[in-house]
Amino acid sequence: MERAVPLAVPLGQAEVFQALQRLHMTIFSQSVSPCGKFLAAGNNYGQIAVFSLSAALSSEAKEESKKPVVTFQAHDGPVYSMVSTDRHLLSAGDGEVKAWLWVEMLKKPPYRTSLEVPEINALLLIPKENSLLLAGGDCQLHVMDLETGTFTRALRGHTDYIHCLALRERSPEVLSGGEDGAVRLWDLRNSKEVQTIEVYKHEECSRPHNGRWIGCLATDSDWMVCGGGPALTLWHLRSSTPTTIFPMRAPQKHVTFYQDLILSAGQGCCVNQWQLSGELKAQVPGSSPGLLSLSLNQQPTAPECKVLTAAGNSCRVDVFTNLGYRAFSLSF
Amino acid sequence: MGAVTDDEVIRKRLLIDGDGAGDDRRINLLVKSFIKWCNSGSQEEGYTQYQRMLSTLSQCEFSMGKTLLVYDMNLREMENYEKIYKEIECSIAGAHEKIAECKKQILQAKRIRKNRQEYDALAKVIQHHPDRHETLKELEALGKELEHLSHIKESVEDKLELRRKQFHVLLSTIHELQQTLENDEKLSEVEEAQEASMETDPKP
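Protein sequences appear in the order of chains L and U.
Letter by letter, the first sequence follows residues 1 to 332 of our numbering.
Letter by letter, the second sequence follows residues 1001 to 1204 of our numbering.
Keep in mind that the hints were calculated from the coordinates and are not lab data.
Glycine included, C-beta positions come from ideal geometry on N, C-alpha and C.
A hint or two may mislead.
Using C-beta positions, here's what the derived DEER-type ranges look like [claimed, not checked]:
| id | chain 1 | residue 1 | chain 2 | residue 2 | range |
| --- | --- | --- | --- | --- | --- |
| 1 | L | Gln-18 | U | Lys-1086 | 53 to 61 angstroms |
| 2 | L | Ile-245 | U | Asp-1158 | 52 to 60 angstroms |
| 3 | L | Leu-296 | U | Lys-1104 | 17 to 25 angstroms |
| 4 | U | Ile-1084 | L | Ala-327 | 32 to 40 angstroms |
| 5 | L | Val-103 | U | Lys-1110 | 31 to 39 angstroms |
| 6 | L | Arg-22 | U | Ile-1092 | 22 to 30 angstroms |
| 7 | L | Arg-22 | U | Lys-1104 | 19 to 27 angstroms |
| 8 | U | Ile-1152 | L | Ser-221 | 32 to 40 angstroms |
| 9 | U | Ile-1099 | L | Ser-221 | 14 to 22 angstroms |
| 10 | L | Gly-324 | U | Lys-1104 | 14 to 22 angstroms |
| 11 | L | Asp-86 | U | Lys-1110 | 39 to 47 angstroms |
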C-alpha cells in the first residue's frame, strides 16, 4: 500500500485527503500500556495513535474520547508490530525499531536502531532475559538485548520470511511460524532449533489452495494453535500431533489463548471464539472487513479497562468489553 | 437579629400552615374570644362563651395530640427505614462477596473445562492408534512364528549338508573305483606288452 503524499493540496481538499487516508488505512499492530489505561495502534502510514481506554470506557464517554489522545508519525513505512515493556513502547517497521517512553509520547525516541531486516513482522519480549526478539523479512530471528541495544544472536533455519512469534514459557523456547509453512521451535539457551513442525505436510490440516504460510501462532506451553494457509489447528507440542482442527475457511491472521477459549480473527469481519474441542462457541462481528490483530488488556493495574480490542483493514479499533458483543469503536 | 428571627417565624408559620389552616385560626379566635369574655359583663353569655372557649381549647388540645402522635409515628418510621437501609447495605456487601466468589469459581471451572478438553483431544488422537496389548500379542505371535520358521530352516539346512556329504562320499568312491579300474587296465596292458616283448626276445 503506497503512502499517499500531499503535494500541493489546496485548503478545501485537506479534508478530502484525510478522508481518503482513513478509507485506505490498515491498522497492523496494537499494544497496551503497562498501566493498562492506554492503547497504542500503529497503521500502514507509519503513524501511531494512543487512545485512552479509561476515558472511552468511563460512563461519561463522549465522541471525543473515542479519538486518539495523541497521534504522531513514528516511522516512514508501516508499523508492522509493537510491543510494550514496563516503560517503553517498542515499534518496528521496515528495518528499524524505535523505543518510545510511554510517559512522554511526543518526544523524540530516546532509542532507535536499524537493521537490514526488510519488514519486521513480529516482536517478542523475553522478560527473563530482558531481550527482544525480532523476526521478519530476512528469514532470521534476531535477539536484541534491551539494556545495551546490541544484537546478540541470530537464529537461522527458516527458508522464507517469518510472520509470527510466540513464547513458550515453561521451557524457555520460542516458536516461529513463517511463509515456508514450518513452525520451528528454538531453544534460547543454546540457540538451536529444537523441533520443526511442517504443518502443510499433515493431510488433515493442509489446504493447498490457500498455500502453506503460517499467519498466526499462539502457545500455551503444552499446546499450540497455528493457522493461516493451512486450517487453524490445535497441536500437542510434545508429540507433534495435530489434535483438533477448527472448521474455519478463511485464513486466520491472529490467534490467542484466553481462559478456556481460543480467540481467532482473520479474513472475515468476526472475532471467533473456539472451544478446545473444535466447536465454535461464538462469532462476534467487528466493524472492519478483515482483522489483523487482537489485543487483550489484562494488566492487573487497570482491571476496569479489561477489554479485547481488534483492529485490521480499517481505521477503527473495535473494543469488546464483554466477549459477546462489540461495545464501541475507537477511530484514528 | 430582628431580621433573622422574622425569617424564622415566617418560615415556621409557612411550614405549619400546610398542616391545617384551621388550627392557627382557631388559636387566634380563642385568644380573641378570651379577651372578649374577660371584657364581657353578663353571666349567662359569659358562661356560654366559657363553654365555647373550653370546647375550642379541647379541639386545640386534640389536634395537638394528633400532631404529637404523627410525630411519634414519623420517628418510628424513620427508625424502621434506617434498619431496612442497613440490612440492604449488608445484603449488597454480601452479594458483592458472593459475586467475587462466583467469579473465582467460574475461573476454576473454566480451567477444569480446558483441561478436560485437552484430555479429550489427546484421547482422540490416541484412539486412532491400536491398543498396546493387542500389538504386544501380535508381536509375540510373530516372534514365535519367526522362531519356528528359523528352526525349520536350520533342520532343512542340516539335512542338505548331510545329503551333500553323502553325495560327496559316493562320488569320491566312484572316482576311486574308476581310478582303480584304469590302473588295473594299465597294469594289464603293461603286462601284455611285457609278454609280447618276452616272446620276441628268446629268438636270438
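Structure-based check of each hint:
Between Gln-18 (chain L) and Lys-1086 (chain U) the beta carbons are some 58 angstroms apart, a value that agrees with the proposed interval 53 to 61 angstroms. For Ile-245 (chain L) paired with Asp-1158 (chain U), a C-beta distance near 59 angstroms keeps the hint of 52 to 60 angstroms intact. Checking the proposed 17 to 25 angstroms range against Leu-296 (chain L) and Lys-1104 (chain U) shows it holds: the Cβ atoms sit about 19 angstroms from each other. Take Ile-1084 (chain U) and Ala-327 (chain L): their Cβ atoms lie about 36 angstroms apart, and the range 32 to 40 angstroms holds.
Look at Val-103 (chain L) against Lys-1110 (chain U): about 36 angstroms separates their beta carbons, and that is inside 31 to 39 angstroms. In this structure, Arg-22 (chain L) and Ile-1092 (chain U) break the distance hint of 22 to 30 angstroms, their C-beta atoms being roughly 46 angstroms apart. Under the hint 19 to 27 angstroms, the C-beta atoms of Arg-22 (chain L) and Lys-1104 (chain U), about 43 angstroms apart, miss the expected range. A beta carbon spacing of about 55 angstroms between Ile-1152 (chain U) and Ser-221 (chain L) contradicts the range 32 to 40 angstroms that was offered as a hint.
Roughly 31 angstroms separates the CB atoms of Ile-1099 (chain U) and Ser-221 (chain L), a value that falls outside the hinted 14 to 22 angstroms. Remark: the range hint 14 to 22 angstroms for Gly-324 (chain L) to Lys-1104 (chain U) is upheld by a beta-carbon distance near 21 angstroms. At about 29 angstroms, the CB distance of Asp-86 (chain L) to Lys-1110 (chain U) disagrees with the hint of 39 to 47 angstroms.
In this structure, the hints that do not hold are numbers 6, 7, 8, 9 and 11, in rising order.
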